[in-house]
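**Q** Sequence:
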Amino acid sequence: MSADIHQHASEHLRFDGDVAVATRLAACKEFLKTETAALRSRHEAGGSGLQICHERAATIDELLRSLFNYAIKSYARLPDSVPTPVALVALGGYGRGELSPWSDVDVMFLFPTKTPVEEAKPLQEHLTNEILYVLWDCGLKVGHSTRTIDDAFAEARKDIQTKTALLEARFIAGSEKVYATFSQAYRSYYISEDPKGYIESRLDDQAARRAKFANTVFNQEPDIKNGVGGLRDYQNAVWMARVKLDITSINELAAQNYLRVDDLAAFRRAYDFLLRVRNELHFMSNRATDMMSLDQQVMLAERLAYNDAERLVRVEHFMQDYYKSAQTIYRVSKLVEDRLALSIGRNANAAAGRSFRESLLASRFQKTKRLDGFVLRGRELVAEKPEVFREDPIRLLRVFRHSQQLEAPLEFHLAELIRSSLPLLTREVVHSPDANLSFRAILSERGAVFPVVSKMHELGVLARFIPEFDGLTCLVQHEFYHRYTADVHTLNAIRELDRIYTEAEPITLKYRAALHETEDASLLYLTLLLHDIGKAEGIRGHADAGVRISLPILERLGVAPEHRELIAFVIKNHLAMARFWQKRDVDDPQTAIAFADLVGTAEHLRHLYVHTFCDARATSVDLWNSYKDTLHTTLYRSTFERLKHGQAVDASMQEKKKMTQQELITKKIPGISADEINAHFSLLPDRYFVQTDPAEIAVHIQMVNRLLQSITSADSVGSLRPIIEWNDDLNRSLTVVNVVTWDRAGLFYKLAGAFSVAGLSILGAKVISRTDHIAIDTFYVVEPGRGPVQSAVAQEKFAKTIEEALVANRDLLPEILAQAKRLASTRYLSTAANHDALQSSFPPTVEVYHELSMQRTIVEVQARDQIGLLFRLAKTISDHSFDITFARIGTERGMAIDTFYIEDVNDAPVEDERRLHALRDALKEIITPAAADTPAEAAGAAKGATATGATAPKTVAPAKAGGR
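Note that this note's numbering has the sequence shown beginning at 1, numbered continuously upward.
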């Protein structure tokens, strides 16, 4: 195809004589347009990644060569011009001949050594004007430099990036002699002048770059170029091998026994696949980009001919192929790196700072330990002979137990021997009592399980030994919370359990204490390993499927029947605990009663408590926080007390309430009588006192006092004004807003709307009403940029807005929509809107149902987040003559997940199902994308009344809140 490109260039880029710049520019633009369209057609027809990149580079070659040759001829025609030899050289990726459609073009104008500046400068300026300006006007991003040969060497010695770019220098046009002189000298330079230093720098660069991506291939939005297992891993391996081994082709790695032939072939296939994906990403985005966002993955799968009927299945299959390719590149590049590191006396597993020679000398004085066909040599475990696994295939399990026990990593030749011996893991071995005992022993080493199981997975042993686990490998989880593939999430969960045992992080101490109270805490490792195994059959219903798949595995592993029952219970209910505190009022005793009925025993509860923590923390780094931890632990403790003491818990709670009441009377709150304190305690439900501390209760009593005084000191309208207090909580980096006012219809949605109009975001709230119709609402808010509310204007805006809404019954929706329109063009909103493609895979839902065990009527909403959503939902509930007595407001990754408890406004039983259906239908109208005809909805923004742009959890945890 390059011959065709050359033929087209000779026809359309012939610039004879004097040709006007505009004419040349037009010809270049037309040539690029035509060739890019043809290139795209070949790509869409299935052209390989390397083929398309080579042809793009060939296109730029022809363009540059024509412009350069014209520039040299036109320069020669200038008066007083001095003939000066110069070579046009391609560098970096362009030098490799690998250009994705919109990649940068890096070139160098290379002059002979000691070319005088006064001689080179006129030609340099002429080349810039005649070549670079044309390229820029064509829309190409061109990096350029002008150097003599000596300059090039000087820059290479100063900067490793320049040294690397020059490794891939390629002649384009001009003086072949100048380029040949440079090329020969540069080859001699890079193979002889400190190759060890170069390789060490590149190894450090690899480690630092991978650390930025959590050292895992399986990020859910991977960077094709710089991510772990990305193009850079492959290229770095080639660069280091070129410097150390003086190779000119990656194929020579096999010839020099650095790679097996099959590894080399897999390496090249994987690299080609990633280039093909990158080419499509460029064509699709019409710009240079390397990050595959979730919404782009949907389109990439379709355009790369993944034709499964279901959209998510297409994405899953595409991403599985991506992860397998990236994993191959990572694995093979690490092999090359490890062997090159050893060749320069650097061993990743050796003591820090110890050279290879020093390690050899030290090993002479170390005792070698022989065990089961393996040798502990220094700090590593090696095989005694290549036949070690053929002699006894069960060693493929035991080797990991030995590695764990001896705290000795596998030497890389042993690791490769394990990988090549995988066919020995037959069904007979999988069912062997000895192999299963060894595996159980690995999972019983508390605090040290993750590194071993992770290595087993990396080398393919885990999926061979537990074939059911293989369905999770590279399985993309298109859910709200997950950032990793299913297999990596599972391993991360095991790592979180390790950390509970080994790290003194304050948040984990209570989980460690709970584990110490269990009969066999190591069973939790098994549970975590198997908890998502049902996802191999699909996300929906995976907990039930997980039980069915896990039971035969547990039996095979020799787990006792009573322990199988415990593990199966946690797998079946591993989502239940989080769902309870996400959607239920943890201060309500009925919640603990219902959850206690579900878990049945304290042992079940302890395992579920720790499992939920590990599962959530393994999902993404930002999913768990102190607020969620508080909800989680509150539910655990209240349920544990219920299981342990039964109805005695109620008596204990009453005793605590009386003690708090007496404490406040004794302290004598300024301006407050004992009668007022007693009245406050008698007018509120018990649940108010569960999580409200004495200082907060005192504040509420004082605010109620001020409200009651307003009756005598103000007119009837004035008495409707709320009492508002703002207090910064610097420890939690938010502002606490207390609002005390008379309860009335629509109070909750009006408060939410007022915060939205004021431009503030609600992170959480507690709202409750006394039986004398005084509402006490506490909101936890931040400014849009996060942090405490420092804007006096926002505070004044809220106070004015809520007063107008409550006293004058002002409709806040027009102002909320106007605000949405103003914000619709901001960067944040446009970013949020980019997730629409993915969110369309999670259709908006509304569920309205009776929760019989808790005697509650519940509304659950899942919808795309948007400004004013909470306001509109709550107002609709109020318009249908329901009160909101509790709400849990959540926003995760641009999706709103809200739960409301509702009651009839007249406290009558909600028995008419038609009312609930009507409410459900009205709420559906609000959240259905087809109905999104307002500026706010079109913007796809975060709801200002909850948390504009916030990903932290939001809650509202009220008791009776009439009319909200």
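Derived by calculation from the structure, the hints in this document are not laboratory data. Note that CB positions come from ideal geometry on N, CA and C, so glycine has one too. Misleading hints may appear alongside valid ones.
Below, a list of computed lysine-lysine pairs in the PhoX-like style, where the Cα atoms sit at most 25 angstroms apart [what the hints assert, rightly or not]:
hint, residue 1, residue 2
1, K583, K572
2, K667, K628
3, K821, K800
4, K644, K668
5, K225, K369
6, K369, K324
7, K244, K324
8, K196, K141
9, K369, K510
10, K668, K657
11, K658, K668
12, K225, K324
13, K667, K644
14, K212, K583
15, K158, K114
16, K572, K510
17, K29, K114
18, K656, K572
19, K334, K196
20, K583, K924
Simulated restraints on C-beta separations [stated by the list, open to error]:
hint, residue 1, residue 2, range
21, A20, T128, 26 to 34 angstroms
22, D205, A185, 44 to 52 angstroms
23, D907, G558, 54 to 62 angstroms
**Q** Run the distance test for K658 versus K668: straight-line Cα separation, threshold 25 angstroms.
**A** At roughly 16 angstroms apart (the allowed maximum being 25 angstroms), K668 and K658 satisfy the hint.
**Q** Compare the distance between the alpha carbons of K821 and K800 with 25 angstroms, and conclude whether the hinted pair is satisfied.
**A** The hint holds at about 22 angstroms.
**Q** Does K583 pair with K924 here, judged by a C-alpha cut-off of 25 angstroms?
**A** holds (19 angstroms)
**Q** Range first: 44 to 52 angstroms. Now tell me if the beta carbons of D205 and A185 are that far apart.
**A** Since D205 and A185 have Cβ atoms about 25 angstroms apart, the given range 44 to 52 angstroms is violated.
**Q** Just to be careful, I want the Cα atoms of K572 and K510 compared with a cutoff of 25 angstroms; is the pair within it?
**A** holds (24 angstroms)
**Q** Take a quick look at whether K334 and K196 sit within 25 angstroms of each other, Cα to Cα.
**A** holds (17 angstroms)
**Q** Is 54 to 62 angstroms a correct range for the gap between the Cβ atoms of D907 and G558?
**A** Taking Cβ atoms as reference, D907 and G558 lie about 57 angstroms apart, which means the hint holds.
**Q** Between K196 and K141, does the CA-CA distance stay at or below 25 angstroms?
**A** violated (34 angstroms)
**Q** With a cut-off of 25 angstroms on the C-alpha distance, tell me whether K158 and K114 pass.
**A** holds (19 angstroms)
**Q** Under the criterion that the straight-line Cα-Cα distance not exceed 25 angstroms, is the pair K369, K510 satisfied?
**A** Violated, at about 40 angstroms.
**Q** Are the Cα atoms of K244 and K324 separated by 25 angstroms or less?
**A** Outside the cut-off at roughly 28 angstroms; violated.
**Q** Measure nothing beyond the straight line between the CA atoms of K667 and K644; if it is 25 angstroms or shorter, mark the hint as holding.
**A** violated (34 angstroms)
Hint violations for this structure: numbers 2, 4, 5, 6, 7, 8, 9, 13, 14, 17, 18, 21, 22, all remaining hints satisfied.
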